[in-house]
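A.B. asks: Taken in order, these protein sequences are the chains called A and B.
Under the numbering used here, the first residue of the first sequence is numbered 1, with each subsequent residue one higher.
Under the numbering used here, the first residue of the second sequence is numbered 1, with each subsequent residue one higher.
Quick caveat, the hints were computed from the structure, so don't treat them as lab data.
Even for Gly, the Cβ is constructed at its ideal location relative to N, Cα and C.
Heads up, some of the hints might be wrong.
[To be verified] No farther apart than 30 Å at their CA atoms in a straight line, the calculated lysine-lysine pairs in the DSSO-like style are these: (1) B:K20 / A:K21; (2) B:K61 / A:K63; (3) B:K20 / A:K105; (4) B:K19 / A:K105; (5) B:K16 / A:K26; (6) A:K21 / B:K16; (7) B:K20 / A:K26; (8) A:K26 / B:K19; (9) A:K96 / B:K61.
[Claimed, not checked] To give an idea of the chain A side of the interface with chain B (calculated C-beta under 7 Å), a few residues: (10) I8; (11) M12; (12) P67.
[What the hints assert, rightly or not] With beta-carbon atoms standing in for the labels, derived distance ranges: (13) B:L131 / A:G50: 23 to 33 Å; (14) B:E198 / A:G76: 44 to 54 Å; (15) B:D62 / A:G76: 53 to 63 Å; (16) A:I43 / B:G50: 15 to 25 Å; (17) A:I25 / B:S37: 26 to 36 Å; (18) B:F79 / A:V42: 17 to 27 Å; (19) A:E60 / B:G50: 18 to 28 Å; (20) A:F40 / B:V115: 29 to 39 Å; (21) B:T175 / A:G50: 21 to 31 Å; (22) B:L128 / A:G50: 25 to 35 Å; (23) A:L57 / B:T181: 33 to 43 Å; (24) B:I157 / A:T62: 38 to 48 Å.
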Amino acid sequence: MFNNLIFIILFMLGFYALIMKTNLIKNVIGLNIMEAAVFFWVISFSDVGGEVSIHKLGEEVTKFNDPVPQALTLTGIVIGASTAALLLTLIIELNKFSGTIDREKIEGLND
Amino acid sequence: MEIPTETQPEVEILNKLMKKALVSFVLAGVAFALYRSFALMPAYQGLNLGLSNYIIESGLKDTGSLNLITAVLYDYRAFDSLGESTVIFGAVSGIVLILSRKMLPVSSKGLSFIVKRTLGIMTPFIALFGLYIMSHGHLTPGGGFQGGVILAAISIIFSIVYGSAFDYRRYSPQTKTALETGGALTFLGLGLAGILMEGAFLQNLGFLTAETGTLISAGSIPYINIGVGFKVGAGLAIIFYSMIQKTFEEDF
Numbered sequence: 001m002f003n004n005l006i007f008i009i010l011f012m013l014g015f016y017a018l019i020m021k022t023n024l025i026k027n028v029i030g031l032n033i034m035e036a037a038v039f040f041w042v043i044s045f046s047d048v049g050g051e052v053s054i055h056k057l058g059e060e061v062t063k064f065n066d067p068v069p070q071a072l073t074l075t076g077i078v079i080g081a082s083t084a085a086l087l088l089t090l091i092i093e094l095n096k097f098s099g100t101i102d103r104e105k106i107e108g109l110n111d
Numbered sequence: 001m002e003i004p005t006e007t008q009p010e011v012e013i014l015n016k017l018m019k020k021a022l023v024s025f026v027l028a029g030v031a032f033a034l035y036r037s038f039a040l041m042p043a044y045q046g047l048n049l050g051l052s053n054y055i056i057e058s059g060l061k062d063t064g065s066l067n068l069i070t071a072v073l074y075d076y077r078a079f080d081s082l083g084e085s086t087v088i089f090g091a092v093s094g095i096v097l098i099l100s101r102k103m104l105p106v107s108s109k110g111l112s113f114i115v116k117r118t119l120g121i122m123t124p125f126i127a128l129f130g131l132y133i134m135s136h137g138h139l140t141p142g143g144g145f146q147g148g149v150i151l152a153a154i155s156i157i158f159s160i161v162y163g164s165a166f167d168y169r170r171y172s173p174q175t176k177t178a179l180e181t182g183g184a185l186t187f188l189g190l191g192l193a194g195i196l197m198e199g200a201f202l203q204n205l206g207f208l209t210a211e212t213g214t215l216i217s218a219g220s221i222p223y224i225n226i227g228v229g230f231k232v233g234a235g236l237a238i239i240f241y242s243m244i245q246k247t248f249e250e251d252f
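Same shape as in the complex, but just chain A (with noise of 0.2 Å):
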């Protein structure tokens, strides 16, 4: 299937770009990416082809698509955004303290 393909592309991406990139906050958009990504493959994937889970007034829908994966990702998206928010501020913290956010650079945790 075409989007389990996309899934993997992108939440390779931003694992590498977790494990390799040295900059603190790449590795925050890493993160990102892969969350991302999985919220992409359950939207997807749970899209059978029937319409937005949306009654209409005085119109019959007989086929929805499912609206439990959508509600689930709406929490994951918010989420999300309260762990991104919260490290970036950590980072913030460490380049006043350190005055870098590059992870080998800073002092005291290399070697």
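For chain A, the structure is supplied; the task is to place chain B on it using the hints.
C.D. replies: The following block gives chain B in isolation, referenced to the frame of chain A:
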């Protein structure tokens, strides 16, 4: 014995290249394994066939909400949404705690006069759009979280266009904190009202239900949406202003 210093950078570059190649190889292997295991998966038939079918068939009858996703979020899984908004509350508290500085924000003067007047004309409409998205969460796409983000965007645009001190003076952090706490308390209060009136925490309040499709219908869902919207909007604005506080003193 001394190592010649000229070769040092080359060795490092080679080292890095080796590391990159190794990691890429391992990741490609993991990706291949994932792809093979995806191919073994059966086709999607519904996350839980009984549950999805139940929500699609009787969600409108149970909750009175046309938007089934909102029905799931604020009726069937309302307790989970309460936890979700608690996560935002925790993140905001942590950020404010880490970045707390007692500093009056002084900043640049913002953008030009034309941009300021244009934003002045546009602001009520942006706010109206945010409130519309918030209060029509049970009828159209949208809801508390989405509308709240639009309200927070107004605050962020203010700080860019009018300078970062403007929004701070108009709506002090105390106001934003009060709005956020008020939204959370609205949610909790409706949950407690569910106990008193209907017998279960966050049960949809039946006596508020009206004709389906009108603005005030679907029990307590619109009120929860409005509370969550103010909570999210104020919370995101607090996060933004905590983060840019350091640039205040530098700009001046």
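A.B. asks: Now tell me, hint by hint, if it's right for this structure.
C.D. replies: How the hints compare with the structure:
About 10 Å separates the Cα atoms of B:K20 and A:K21, which keeps this hinted pair within 30 Å; it holds. Of the supplied pair hints, the one linking B:K61 and A:K63 holds, its CA atoms being roughly 17 Å apart against a limit of 30 Å. Only pairs whose Cα atoms come within 30 Å are accepted, and B:K20 paired with A:K105 is accepted, the gap being roughly 19 Å. Among the hinted pairs, B:K19 with A:K105 is consistent with the structure: their alpha-carbon atoms are about 18 Å apart, no more than 30 Å.
With a C-alpha separation of about 18 Å, the suggested pairing of B:K16 with A:K26 holds against the 30 Å cut-off. Between A:K21 and B:K16 the CA atoms are separated by roughly 11 Å; this keeps the pair inside 30 Å, and the hint holds. Note on B:K20 and A:K26: the hinted pairing holds, with a Cα-Cα distance of about 16 Å set against a maximum of 30 Å. Distance check on the hinted pair: A:K26 and B:K19 sit about 18 Å apart at the alpha-carbon level, within 30 Å; holds.
This hinted pair does not check out: A:K96 and B:K61 have alpha carbons roughly 55 Å apart, beyond 30 Å. Of the supplied interface hints, the one on A:I8 holds, with its beta-carbon coming within about 5 Å of a beta-carbon of chain B, less than 7 Å. Given the 7 Å rule on beta carbons, the hint for A:M12 holds: about 5 Å separates it from the nearest Cβ of chain B. Given hint, A:P67 at the interface with chain B, holds; its Cβ is 4 Å from that chain's nearest Cβ, closer than 7 Å.
Taking the beta carbon of each, B:L131 and A:G50 are about 31 Å apart, inside 23 to 33 Å as hinted. About 29 Å separates the C-beta atoms of B:E198 and A:G76, a value inconsistent with the hinted range of 44 to 54 Å. For the pair B:D62 and A:G76, the beta carbons lie near 24 Å from each other, so the given range of 53 to 63 Å is not met. Roughly 21 Å separates the CB atoms of A:I43 and B:G50, a value that falls within the hinted 15 to 25 Å.
Between A:I25 and B:S37 the Cβ separation comes to about 33 Å, which falls inside the hinted range of 26 to 36 Å. Taken as a hint, the range 17 to 27 Å holds for the pair B:F79 and A:V42, whose Cβ atoms sit roughly 21 Å apart. For the hinted restraint 18 to 28 Å between A:E60 and B:G50, the CB-CB distance of approximately 22 Å keeps it satisfied. The hinted window of 29 to 39 Å between A:F40 and B:V115 holds, with their beta carbons roughly 36 Å apart.
Between B:T175 and A:G50 the C-beta distance comes to about 44 Å, which lies outside the given range of 21 to 31 Å. Between B:L128 and A:G50 the beta carbon distance is about 32 Å. The supplied range of 25 to 35 Å therefore holds. Distance hint check: the CB atoms of A:L57 and B:T181 are about 36 Å apart, consistent with the given range 33 to 43 Å. For the hinted restraint 38 to 48 Å between B:I157 and A:T62, the CB-CB distance of approximately 43 Å keeps it satisfied.
Consistency with the previously given hints fails for numbers 9, 14, 15 and 21, ordered from lowest to highest.
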